[in-house]
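Protein chains: 4
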Amino acid sequence: MISANPLFHGVVPPVATPLTERYEVDFPSLTRNLENMIAAGMHGLFMLGSTGEVAFHDAATRQAILEHAVKVVNGRLPIFAGVIDPTTDRVIAHAKAAKSIGVDAIVVTSPFYARTSQGEIADHFRYVREAVDLPLIAYDIPVCVQYKLARPTTVALAREGTIAGVKDSSGDDGNFRFVLMDCADIAGFFMMTGSEILVDTALAMGAHGVVPGLANVDPHGYVRLWNAAQAGDWATARREQERLCRLFEMVFVASGRTSAGSAGVGAFKTAMRRLGIFATNRMCRPQQDLNADEAAQIDAILKTAGLLG
Amino acid sequence: MISANPLFHGVVPPVATPLTERYEVDFPSLTRNLENMIAAGMHGLFMLGSTGEVAFHDAATRQAILEHAVKVVNGRLPIFAGVIDPTTDRVIAHAKAAKSIGVDAIVVTSPFYARTSQGEIADHFRYVREAVDLPLIAYDIPVCVQYKLARPTTVALAREGTIAGVKDSSGDDGNFRFVLMDCADIAGFFMMTGSEILVDTALAMGAHGVVPGLANVDPHGYVRLWNAAQAGDWATARREQERLCRLFEMVFVASGRTSAGSAGVGAFKTAMRRLGIFATNRMCRPQQDLNADEAAQIDAILKTAGLLG
Amino acid sequence: MISANPLFHGVVPPVATPLTERYEVDFPSLTRNLENMIAAGMHGLFMLGSTGEVAFHDAATRQAILEHAVKVVNGRLPIFAGVIDPTTDRVIAHAKAAKSIGVDAIVVTSPFYARTSQGEIADHFRYVREAVDLPLIAYDIPVCVQYKLARPTTVALAREGTIAGVKDSSGDDGNFRFVLMDCADIAGFFMMTGSEILVDTALAMGAHGVVPGLANVDPHGYVRLWNAAQAGDWATARREQERLCRLFEMVFVASGRTSAGSAGVGAFKTAMRRLGIFATNRMCRPQQDLNADEAAQIDAILKTAGLLG
Amino acid sequence: MISANPLFHGVVPPVATPLTERYEVDFPSLTRNLENMIAAGMHGLFMLGSTGEVAFHDAATRQAILEHAVKVVNGRLPIFAGVIDPTTDRVIAHAKAAKSIGVDAIVVTSPFYARTSQGEIADHFRYVREAVDLPLIAYDIPVCVQYKLARPTTVALAREGTIAGVKDSSGDDGNFRFVLMDCADIAGFFMMTGSEILVDTALAMGAHGVVPGLANVDPHGYVRLWNAAQAGDWATARREQERLCRLFEMVFVASGRTSAGSAGVGAFKTAMRRLGIFATNRMCRPQQDLNADEAAQIDAILKTAGLLG
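Chains as they are written, first to last, in the numbering used here: chain A, 1 to 309; chain B, 1 to 309; chain C, 1 to 309; chain D, 1 to 309.
This is chain A alone, in the form it adopts within the complex (with noise of 0.2 Å):
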């Protein structure tokens, strides 16, 4: 199901980052993190993504993680690096930093709070391109960056070689088969669902990879999925993305208290405190953490996913 060769495939999760109470890195939680992911037999890993919340990171802070995971990774698997800012030349400083520091691809979305133009967003993607010298994945969100990448303009960037492969959140699975279907003769080129409740769906259009922030709770269902699809047992696939959907709803504890982005990732990192991963749940400010009777419910779906004893 998958085409020959792309350059990069399978599941590569957007790693959350832990903090300690006082807002800081929490370093041996990420070491916790990473080791329990690549354990868990992922395929690459995805630094600084939303999940990784990103954009309430400074340059130093996300140069500190990146530095911290490619040392704790160590080449066992490829590092994707977030670089994610409103505009074009603020992207290109924090994609030679990463660079610099060795990840092996850069994942770029398009501008936010400046208003573009599809044409000028294709040109941001070369510009950051031409800039900086790494596989260059366009992370299509717009929930966050209210633009969606049109199919014409992802077509061109894939076929000129400007852009690698596409990490798509849109949730638009009608674009993401037809780009799929447009691009299949590209060599190298590969797409990957941002969903985690599509998985299996978006591995039988032909998606050569995932990259579901569940993962960072649940890596093992994952894995299992994704093995699953390639042995083209769809019945197991869909069984068990059928209990990750069910894990999933964690994110919907607290949604109608605090935020989307809030209950979502807060969500996340509330498991992994249960599951002895992090420390803390703490969220980065503004937003809010998850308290102890969300928690609670956040136990009990653990449980009923048999991650909890």
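Careful, some of the hints might be misleading.
To be verified - Derived Cβ-Cβ restraints for the label pairs, each shown as a range: (1) C:Gly-75 - D:Ala-279: 48 to 58 Å; (2) A:Ala-184 - B:Ser-100: 34 to 44 Å; (3) B:Pro-142 - C:Gly-161: 34 to 44 Å.
Claimed, not checked - Under the rule of at most 25 Å between Cα atoms (straight-line distance), these lysine-lysine pairs were calculated in the BS3-like manner: (4) A:Lys-148 - D:Lys-148; (5) B:Lys-96 - B:Lys-71; (6) C:Lys-96 - C:Lys-71; (7) D:Lys-99 - D:Lys-71; (8) B:Lys-99 - B:Lys-71; (9) A:Lys-71 - A:Lys-96; (10) C:Lys-148 - D:Lys-148; (11) A:Lys-71 - A:Lys-99; (12) C:Lys-99 - C:Lys-71; (13) A:Lys-148 - C:Lys-148; (14) B:Lys-148 - D:Lys-148; (15) A:Lys-148 - B:Lys-148; (16) C:Lys-148 - B:Lys-148; (17) D:Lys-96 - D:Lys-71.
Because the hints were derived from the structure by calculation, they are not lab data.
The structure displayed is predicted, hence computed values, not measured ones.
Here a beta-carbon is modelled for each residue, glycine too, at the ideal position from N, C-alpha and C.
Using the hints, position chains B, C and D against chain A.
The following block gives chains B, C and D in isolation, referenced to the frame of chain A:
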């Protein structure tokens, strides 16, 4: 029509940032713009707003722009500094730099890229205010940040003293009016509209100030409008406003070809080049500059408005 | 401030439709409402608008309402009839019925449910105008139909004589102003705002009329506002407008519990019941009626506004 | 992969409604279309959906279409009737007529034009169900009605027996999956996707049926896809789906010139004219017909898909 003793008031244009052909800040042109504004009778200057392309400038460039403005203005007018970035602690870093440079107030948007709730947005403003002892102006610009400042949020922040005023670019004049009424008893609190074309009506509702990007092109027009409104001469205010509306149509010249962002600020820069204030009409990357054909259409608009012989 | 000789002008309230407890039109209450409006000095009456719950009434009920209104009003005021349904030929059928009943103008929205382009929207108005020889008023209400009437569409329809006027409930007062300016030379063409809370400012821009649902509750207030504006007494207009803004806050009473639709018209009906105009506050199905607790809050608002002793 | 014993299942196309050049229903063409569908092996027929241009037809025309379909089909397949209009009691009137004509199920959207809450939407379905004793299918089509059926609303209506199934044109496949999982234990309850291009994946998730407008053009393709999915032959299903995706691209031919509505159904009608099923490609007013140049592009697409020699 004006509340007694607002902290700030009047015409406070968002100052456009000139670039050289090589994408560097063109300080001589910036000086010309600032002196042109001061000579025209502005009541304050807003550096590093959306019109100033703030999101495109890194911290060092922002500081250089603010230092230049503080030096040129030299106390002749209050300076507001946009300290705009996705999240709280990054905003605080910009705000501390701005304070040390000597600006008079800071202008802060809701978080962006991050998805937050009204409670988290309120906390964002509180954290910034606690960290930096300067008057804080809330910048309500949903077209850039995706979130509208809800009326209860704004009123609570005003009443507790977190925010000193609002710069409203939301286009929701009904909400603007309700907030004006709700906060009319708060000493010193002020509301400014970001509109170019509904200034007379905002002033008629009781707005304390106006922040029109078009004042970079025609500062005298907005001063005349302001003065007429202060005198209660609404017929003159309307006449001046309608002339400025026709001038504002320059922002539609390139809007079919490129983005609303480029077409708008790009038109201002193109007009200012024609008027001898800016040396180029260069836009920050990846935005597109207006071309010669578009510049000719803008010349015609300037002539109709009486700004070119 | 008003264009010479508009076809229609003044305060033209969208008349609310009273129901019995059994969901039938309550004609005695409707008579009371119409007489109350006429006595207060309205300049026209808009039957079967959104406030009149037009979308809930079938053809026979609509005709009964129009026949009743024509009979009660008996030529004392012009009557506008909303002929609102998803698509062209169905609108034409309503329009022909309305014409045969004897209304003075018809009010038509863009198509809805169907997804159309600006070109198709323009043709929609042209087809209706060709089929029914009555002044046609374009009703711009994107919150109900999903489409904004674009400025070029409106201006083209006005200039070719397809539409005689606009009733603008879009909330885009900048666009309203541009259309006013663009069409100022078209004899008889008129623009009316559908806002309750930005009436003084719309009149200051040159609007020829106002269509406030709240005039069902306080018609005298809008007449005072209109008269002050005609006299150029903008300070009085603003004071009256601000009182009406506070009265308008009744629409927020139930907006957390039910929909904006129910909460708004439901509040008007609840107030009119308290004022003895309507016998019930019944809403068309599936909308929810306001409850006793909400009615008590609305009583308090009526008292504050001076409408209840 | 299918729940035991759903009330309805399989390929249930939304039947396009042919018109003469004079905008009247072309019954001979409709007969050809129905016979073509039945011969191809459809499992049911959905008359008067969005593809059937339901919103453009008045009550008499709708009844004539249903009567014709019931007569032609003569019990060979179940017939679903769209009973679609803005509000509850008007929907009930259509539903009673449809029942008396002898259809097997009715398809109902959320209210539109009216602004309603989830509670009012739920009551809308309940009122219709109480009034008309036929299986009721909820039609989730936010692009037309502006409201998404929230997961708790859908699940509550399913569990209490108000709705027998869902036809989902929302594009939110994550929500579709959760509702499928939540309702898996409700005997007879069924979920159908309205997508043309994500049919294999919807079936892989457990969808019980598909309602693709494109089946008017290529019913055999969707039957092959359905049969492959039933056999668990997902590789064949994907291959057929990808061929149908390329065929579906006909809807983009005119989408730059006219609306998505015209461009979509207009493309189907244009293809059906070329295939000898329809006599014209006429669209209901004010929609625009596809022109000769667009028809030529559609011919090329039909050839590529193997439907034209």
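Hint-by-hint comparison with the structure:
1. At about 50 Å, the CB distance of C:Gly-75 to D:Ala-279 agrees with the hint of 48 to 58 Å.
2. Between A:Ala-184 and B:Ser-100, the C-beta spacing of about 55 Å breaks the proposed range 34 to 44 Å.
3. Between B:Pro-142 and C:Gly-161 the CB atoms are about 38 Å apart, so this pair conforms to the stated range of 34 to 44 Å.
4. Taken as a hint, the A:Lys-148 and D:Lys-148 pair is honoured in the structure, with Cα atoms around 20 Å apart against an allowance of 25 Å.
5. Between B:Lys-96 and B:Lys-71 the CA atoms are separated by roughly 18 Å; this keeps the pair inside 25 Å, and the hint holds.
6. Only pairs whose Cα atoms come within 25 Å are accepted, and C:Lys-96 paired with C:Lys-71 is accepted, the gap being roughly 18 Å.
7. Taking the CA atoms of D:Lys-99 and D:Lys-71, the gap is near 14 Å; set against the 25 Å cutoff, the hint holds.
8. Among the hinted pairs, B:Lys-99 with B:Lys-71 is consistent with the structure: their alpha-carbon atoms are about 14 Å apart, no more than 25 Å.
9. For a cut-off of 25 Å, the pair hint linking A:Lys-71 to A:Lys-96 stands: about 18 Å separates their Cα positions.
10. At roughly 21 Å between alpha-carbon atoms, C:Lys-148 and D:Lys-148 fall within 25 Å of each other, so this suggested pair holds.
11. Under the criterion of a C-alpha separation no larger than 25 Å, the hint pairing A:Lys-71 with A:Lys-99 is consistent with the structure, at around 14 Å.
12. Simply put, C:Lys-99 and C:Lys-71 have alpha-carbon atoms about 14 Å apart, close enough for the 25 Å limit, and the pair holds.
13. At most 25 Å may separate the alpha-carbon atoms for a hinted pair to count; A:Lys-148 and C:Lys-148 meet this at roughly 22 Å.
14. Taking the CA atoms of B:Lys-148 and D:Lys-148, the gap is about 22 Å. The hint holds against a cut of 25 Å.
15. At roughly 21 Å between alpha-carbon atoms, A:Lys-148 and B:Lys-148 fall within 25 Å of each other, so this suggested pair holds.
16. Between C:Lys-148 and B:Lys-148 the alpha-carbon distance is near 20 Å, which keeps this suggested pair within the 25 Å criterion.
17. Annotation: proposed proximity of D:Lys-96 to D:Lys-71 holds, straight-line Cα distance about 18 Å (limit 25 Å).
Checked against the numbered hints above, the structure breaks only hint 2 and satisfies the rest.
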